[in-house]
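Trainee: For the record, the sequence lines run as chains A and B. The first sequence begins at 272 in this note's numbering and counts up one residue at a time. The second sequence begins at -1 in this note's numbering and counts up one residue at a time.
Derived contacts from chain A toward chain B, CB cut-off under 7 angstroms, selection only:
id: 1; residue: Pro336
id: 2; residue: Asn456
id: 3; residue: Ser470
Below, computed lysine-lysine pairings styled on BS3-like, alpha-carbon distance capped at 30 angstroms:
id: 4; chain 1: A; residue 1: Lys413; chain 2: B; residue 2: Lys204
id: 5; chain 1: A; residue 1: Lys413; chain 2: A; residue 2: Lys428
id: 6; chain 1: B; residue 1: Lys204; chain 2: B; residue 2: Lys112
id: 7; chain 1: A; residue 1: Lys482; chain 2: A; residue 2: Lys413
id: 8; chain 1: B; residue 1: Lys112; chain 2: A; residue 2: Lys482
id: 9; chain 1: A; residue 1: Lys428; chain 2: B; residue 2: Lys204
id: 10; chain 1: A; residue 1: Lys482; chain 2: A; residue 2: Lys428
Some residues of chain B that are not near chain A, with every Cβ distance over 10 angstroms (derived):
id: 11; residue: Ile79
id: 12; residue: Ala105
id: 13; residue: Phe123
Source of the hints: derived by calculation from the structure; they are not laboratory data. Glycine is no exception: its CB is placed at the ideal position from the N, C-alpha and C atoms.
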Amino acid sequence: MFDYAFALSILPELLAGLWVTLQVMVAGFFCALIIGVGVAVLLESPVRVLRIISQSYITFFRQTPLLVQLYFLFFALPQTGLQLPAMSTGMIGLGLYYGAYIAESFRAAIGDVPRGQWEAARALDLSPSVTWWRIILPQALKPMLPILGNYLIGMFKETPLLAVITIPELFQTARQIAGLTYRFNEPYTLMALLFLAISLPTSLLFSVLGKKKRHD
Amino acid sequence: MGSTTWFFIAEQLSKGVVVTLQVTLFSALLALVLAFVIALCGLSSSRSLRIFARVYTEFFRGTSALVQLFYLFFILPLVGISLSPMTTAIIGLGLNFSSFGAEIVRAALVNISKGQRDAIAALDFPPDVAFRRIILPQALTFMLPPMGNLLVELLKSTSLVSMITLSDLTFSGTTLITTLGHQTLIWSIVLVCYFILSWPITGLVKRAERRFTRHRRPQE
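All chains, full assembly: derive it from the sequences and hints.
Mentor: As structure tokens, this is what we get:
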């Protein structure tokens, strides 16, 4: 009951969807990285209000579903007068959601940087920006790499949700093909295989990298 | 908006909350049982069981939960198995989260110190008693905080079941918007509802973490 000729004929369309998926994912990941680092730094800020705001942001975005956040961004933002194309909304949605997770991990990584590093930076009279950029963040980033890899894979698997805000990514493409042809088996099976084809090697790569690190 | 409208919103959303909690509870139970089974398979002495556990976790972690739900919902009927949306949701999320749970269980079981294992061997405990009385109680304290976090993730993921026609909290939001409009307001309320549901779990996890690590602070 699996029609290989049909499967082959829809493959180019699905690959085009996969390409859109990868684009949104990479854009969303960089967005999340910038937000995550920014918020993690704000959490250490001497200004109390900034700390409270960034902590509330992390708590709220980590405890509500991405799907509903995307609905909110896509349908509610235009009513406040902010018109964004679907791709940007998707990028911002992924960025805000994963930014909260990355910020939380970065906070832990920053906490693990030895106190002596802060004291040395202060003793050498380095400005706060130099202390952050040249001393603290580079040291916090190294243990973050495998964690960031996991978030990247996690984000890849959340991209099907972007279908609800009309982004023509892999899942949306498969759903459209299924809806037009009334054949569910081939598009959904191929979609699942394509997901595995990307996420398995990536997770393998990160686990190899992680093991290598432990042997050092 | 009049008080009748507010009442209508509250009524619809509370119906949705009940479905969301049902799906969360039952898929969490299924995931917990499967997680233990898969973790034990992964640690067993039989090579084929270990390979099965590895393939299982890689497969369910490697594809998206939504993809798995759609697969169950649309492909199973083609081979003659028709499940209600509720059953599909529970099985789909249960399978998906069991793969993450299995990793947690496995890590916790492996984490039991070598000294404990040596003592078990020295005292000649039967394997089942050793597992039940010595390994499991210690592993449980390792497991609880990450399991709690996973439960929050599961609760959030139940929003996906709205896409296989199950009328959960998110679905109620969609229905309310079709009848009433007010998108910003309704989605904000739905977000707050999810937040209120997951807040107690996160609080408990934080307390458990503090409690279990109190005696395990670095001793160097």
